[in-house]
Amino acid sequence: MVFGAGATEVSAGPLTPFRDEAQAQRYCAGDKVVWLDFRKGLYYAKGLKRYGKGFDGSFVCLNEARDSLYRRSLLGLR
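Be aware that the sequence shown starts at 58, since it is given in the working numbering, and climbs by one per residue.
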């Protein structure tokens, strides 16, 4: 769904968001933990500048983020 100038709502599968990285790592055994920015519809891997930053995000499992149609950040390491 598109809601205006660049704002999108992405949802296809269930997400289990965590405010704490350690909780997400325990839940996501065998999967990587990423920082999901709900406002931008992007996820950031550990090591990226925006990993764990911002008020509109949570830690989630990588596969859950992909299954929910969120896109990875293309910014790289900064």
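Hints were generated in silico from the structure; no laboratory data involved. The reader is advised that the hints may include incorrect statements.
Have a look at the derived ranges for each label pair, beta carbon to beta carbon [to be verified]:
{"hint": "1", "residue 1": "Phe112", "residue 2": "Gly87", "range": "28 to 34 Å"}
{"hint": "2", "residue 1": "Gly87", "residue 2": "Arg129", "range": "25 to 31 Å"}
{"hint": "3", "residue 1": "Glu78", "residue 2": "Arg123", "range": "17 to 23 Å"}
{"hint": "4", "residue 1": "Ala86", "residue 2": "Leu132", "range": "23 to 29 Å"}
{"hint": "5", "residue 1": "Ala86", "residue 2": "Leu131", "range": "23 to 29 Å"}
{"hint": "6", "residue 1": "Phe112", "residue 2": "Gln80", "range": "26 to 32 Å"}
{"hint": "7", "residue 1": "Arg83", "residue 2": "Leu131", "range": "24 to 30 Å"}
{"hint": "8", "residue 1": "Arg96", "residue 2": "Pro71", "range": "25 to 31 Å"}
{"hint": "9", "residue 1": "Gly111", "residue 2": "Lys89", "range": "27 to 33 Å"}
{"hint": "10", "residue 1": "Thr73", "residue 2": "Arg129", "range": "14 to 20 Å"}
{"hint": "11", "residue 1": "Gln82", "residue 2": "Asp124", "range": "25 to 31 Å"}
{"hint": "12", "residue 1": "Pro71", "residue 2": "Lys106", "range": "14 to 20 Å"}
{"hint": "13", "residue 1": "Lys106", "residue 2": "Asp77", "range": "16 to 22 Å"}
{"hint": "14", "residue 1": "Arg107", "residue 2": "Gln82", "range": "15 to 21 Å"}
Note that the Cβ used here is the ideal one computed from N, Cα and C, for glycine as well.
Evaluated hints:
1. Phe112 <-> Gly87: 28 to 34 Å: holds, 29 Å
2. Gly87 <-> Arg129: 25 to 31 Å: violated, 19 Å
3. Glu78 <-> Arg123: 17 to 23 Å: holds, 19 Å
4. Ala86 <-> Leu132: 23 to 29 Å: holds, 28 Å
5. Ala86 <-> Leu131: 23 to 29 Å: holds, 28 Å
6. Phe112 <-> Gln80: 26 to 32 Å: violated, 18 Å
7. Arg83 <-> Leu131: 24 to 30 Å: 29 Å Cβ-Cβ, so the 24 to 30 Å window holds.
8. Arg96 <-> Pro71: 25 to 31 Å: At roughly 19 Å between Cβ atoms, proline 71 and arginine 96 fall outside 25 to 31 Å, so the hint is violated.
9. Gly111 <-> Lys89: 27 to 33 Å: Hint violated: Cβ distance 19 Å, outside 27 to 33 Å.
10. Thr73 <-> Arg129: 14 to 20 Å: holds, 19 Å
11. Gln82 <-> Asp124: 25 to 31 Å: 19 Å Cβ-Cβ, so the 25 to 31 Å window is violated.
12. Pro71 <-> Lys106: 14 to 20 Å: violated, 28 Å
13. Lys106 <-> Asp77: 16 to 22 Å: holds, 20 Å
14. Arg107 <-> Gln82: 15 to 21 Å: holds, 19 Å
Of the numbered hints stated above, those contradicted by the structure are hints 2, 6, 8, 9, 11 and 12, listed in ascending order.
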